[in-house]
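S.K.: The opening position of the sequence shown corresponds to residue 100 in this note's numbering, with each subsequent residue numbered one higher.
I should point out that these hints are in silico values taken from the structure, not numbers from a laboratory. Cβ atoms here follow ideal geometry from the backbone N, Cα and C, with glycine treated the same way. Heads up, some of the hints might be wrong.
Result set (SDA-like, lysine to any residue): computed pairs, CA atoms no more than 20 Å apart in a straight line [said to hold, decoys possible]: (1) LYS391 to ALA340; (2) LYS264 to ARG343; (3) LYS391 to PRO355; (4) LYS391 to PRO315.
Pairwise CB distance ranges (calculated) [what the hints assert, rightly or not]: (5) GLU211 to ASP270: 34 to 42 Å; (6) ASP270 to SER336: 42 to 50 Å; (7) ILE335 to GLY109: 33 to 41 Å; (8) ARG374 to LEU239: 38 to 46 Å; (9) PRO355 to ASP147: 20 to 28 Å; (10) GLY251 to SER165: 19 to 27 Å; (11) SER347 to ARG209: 20 to 28 Å; (12) VAL242 to PRO186: 42 to 50 Å.
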Amino acid sequence: MSVRNVTAAGTSFLLRTCGEGDGTPVLLLHGVPETSSCWQVVGPALADGRRVLAPDLPGLGGSTYSGPWDVPSLVAQLAALLEAELPGQRVDVVGHDWGGVLALGLTALRPELVRRLCVANAPFREIPLPRAAHVPFFALPFVPELLFRLGGRRVVDLMLDLAWKSPTPLDPEVRAEYEAAYTDRTKVSAMLGYYRAAARPAALAALGRGRTPPLPAVRAEKLMVLWGALDPVLPISSGEAVVRELGSTCTMVIVPGAGHFVIEEAPETVVEVLRDFLAEDDPTPAASLPKKRTFRNKPS
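Required output: the full structure, derived from the provided sequences and hints.
M.R.: Structural data, given as structure tokens:
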């Protein structure tokens with residue numbers, strides 16, 4: 100994927116792109132503690148006949164942004180990027196972790212920009228406590244900064260290793276990029292801003308009940324939840340909760356053997372699932388698709 104900087108709404112985005120053609124473009128949104136490098140295998144594999152865009156999220160990685168950090172504000176930044184790069188076009192959106200939260204937000208708040216939506220290992224409305232205890236912890240004042248200052252790369256490695264379940268390790272160069280991206284004080288502050296915005300007074304009661312702040316209803320031509328089966332932070336039941344929230348037209352695909360970082364732990368599987376989901380000539384109505392299935396390799 101080629102890399103360049105794009106300025107939209109005052110934010111300088113680091114943007115990875117590939118592909119060309121008349122197919123519906125795809126927007127890929129990464130999670131924490133990752134950058135858009137997490138799409139380096141999946142992105143090019145989806146680029147047959149369409150453009151693929153994978154930005155570093157606002158304030159993270161190579162993208163600048165100094166807040167505010169609430170979901171509507173972050174969605175406004177992403178919408179500005181789309182309008183700058185793809186004026187007048189709708190996109191298919193795939194988001195993982197925090198990228199999944201923003202993908203849901205983009206679809207809910209700017210539905211005219213989104214055709215299809217896939218959410219991978221990301222919460223929607225429900226946060227499984229105490230499994231996801233890092234969410235309220237990262238919202239605390241001062242303490243998380245101290246942890247990153249003292250622990251540095253070890254904190255990033257711990258975040259990755261605890262939730263990575265594939266026997267295939269993360270590429271060392273990509274790991275080094277993530278370590279550098281999330282030990283920079285400015286980037287750590289930005290990342291914590293995401294969590295703290297969710298813990299503002301209007302949202303505290305919701306977080307105390309293990310709930311995220313509400314968004315409008317999410318509607319898209321097709322909806323899918325993609326889930327690493329072994330995620331220790333967001334178990335399959337969390338994915339099932341997302342499906343319930345999104346409604347009867349949403350389908351779920353479970354990826355055996357993968358943990359939280361399903362995009363990088365099982366890229367070949369993710370590519371196969373997404374190719375089917377994003378197919379332009381897919382004649383199958385969403386309502387007739389199986390509600391939930393565990394991925395099985397197709398016979399050769």
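S.K.: Now, for every hint given, state plainly whether the structure supports it.
M.R.: Results for each hint:
1. LYS391 to ALA340: Measuring from Cα to Cα gives roughly 12 Å; hence the hint holds.
2. LYS264 to ARG343: With a Cα-Cα distance of about 26 Å, the restraint between LYS264 and ARG343 is violated, given a limit of 20 Å.
3. LYS391 to PRO355: holds, 13 Å
4. LYS391 to PRO315: Distance of about 24 Å is beyond 20 Å: violated.
5. GLU211 to ASP270: 34 to 42 Å: Once the Cβ atoms are compared, 37 Å apart, the range 34 to 42 Å for ASP270 and GLU211 holds.
6. ASP270 to SER336: 42 to 50 Å: violated, 30 Å
7. ILE335 to GLY109: 33 to 41 Å: Check passed, 40 Å falls within 33 to 41 Å.
8. ARG374 to LEU239: 38 to 46 Å: holds, 42 Å
9. PRO355 to ASP147: 20 to 28 Å: holds, 26 Å
10. GLY251 to SER165: 19 to 27 Å: Distance hint for GLY251, SER165 holds at roughly 23 Å.
11. SER347 to ARG209: 20 to 28 Å: holds, 23 Å
12. VAL242 to PRO186: 42 to 50 Å: Taking Cβ atoms as reference, VAL242 and PRO186 lie about 43 Å apart, which means the hint holds.
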